[in-house]
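J.: Now for the letters of each chain:
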Amino acid sequence: MNDKVKEVLAEVFDMKSSEITVGLTKDDIDTWDSLRQMDLVTSLEKEFDIRLEMMEIVSLDSVAKTVEILKSKGVDVGD
Amino acid sequence: MLEIKNKVAVVTGGASGLGLAIAQGLVKEGASVVVLDLDRNKLDLLPDEIEKYCIDITNYELVQQTVDSIVSKFSKIDILVNNAGVIYSESFINIMNPSCMKHSYDRFKKNLDINLNSVFIMSSIIAEKMVINRTQGVIINMSSISAQGNAGQTAYSAAKAAVEAMTKTWSKELGVFGIRSVAIAPGFINTESTNHALNEKTIKHIKSNTPLKRLGETLNIFQSVKYIVENDFVNGAVLQVDGGLTI
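Note that the protein sequences, when read in sequence, are chains E and W.
The first sequence begins at 0 in numbering that gives the first Met the number 0 and counts up by one.
The second sequence begins at 0 in numbering that gives the first Met the number 0 and counts up by one.
Hints in this document: simulated from the structure, not taken from any laboratory.
Warning: the hint list may mix true and false statements.
As the list claims (entries may be wrong) - Sample of chain W residues at the chain E side, in silico, Cβ under 8 Å:
#1 Met0
#2 Val175
#3 Phe176
A virtual CB, placed ideally from N, CA and C, is assigned to each residue, including glycine.
Given only the sequences and the hints, what does the whole structure look like? Please build it.
T.: Written out as structure tokens, the structure is:
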């Protein structure tokens, strides 16, 4: 996962980029609630110029899933 | 600045009074307007360019079906004006009626259903469409100066205060999607319902207590709607349009 993805997630969840790892789920991140979920969606859409569908929005429940969805949209997320 | 032209607007209670003035104003500015109202006779008098639905907006399922069909026809909804409501007055304790001094609980609940729950129903269903379609729309809720508390209007004041609270809450929650939520709190406006609800003496008293010494006109309320739609940095505000009465 590259720094840009980490930065977006860190910004949305009020964390440090260094704390964002691919193994984190929403249960591990205290600030990940429904309001932040909306923030996450709009931040990802704006930053990577993509449009998330409703099924993708509701399935965003972990960093790994976020990365997977970004990849499926053709976003370069690094290794 | 946002243009009203080519926007799709839904106005509740738009077949008469303030709602009608708002609907007509939006049409004049080039919006596609859909009016929801309970009064079929008044709906029938609206021009053909306005889409009409005769519907009880306290019925969740009916509202869902209606909004689905509006979106299916127009593809989106940009503007929701929650105007429908009923002014209701009843003393909290009426010492003139010793056999039943208390405010009716049934009437309290019914009033909240009309003036508050309908706003929740309309807004939640339309906001969902706005979010799904990424429409950077605006929800305009009609409040009242009674939201600040008005003797003899427990239910109405409570409903309008709650409408203002919902407006501010939604402005914070939906702002991230570019959806705005704004309330208008009209004072006494020269409409059929005002003239029906208040006698001449009361209207004279109101005029005398209003710094501008007159009632507002329906055009003043449409001008507020226009300002809110066009100024896309206005969010979470309650616009007092009362001639200075509440100062």
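J.: Which hints, by number, does the structure contradict?
T.: Violated hint: only 1; rest satisfied.
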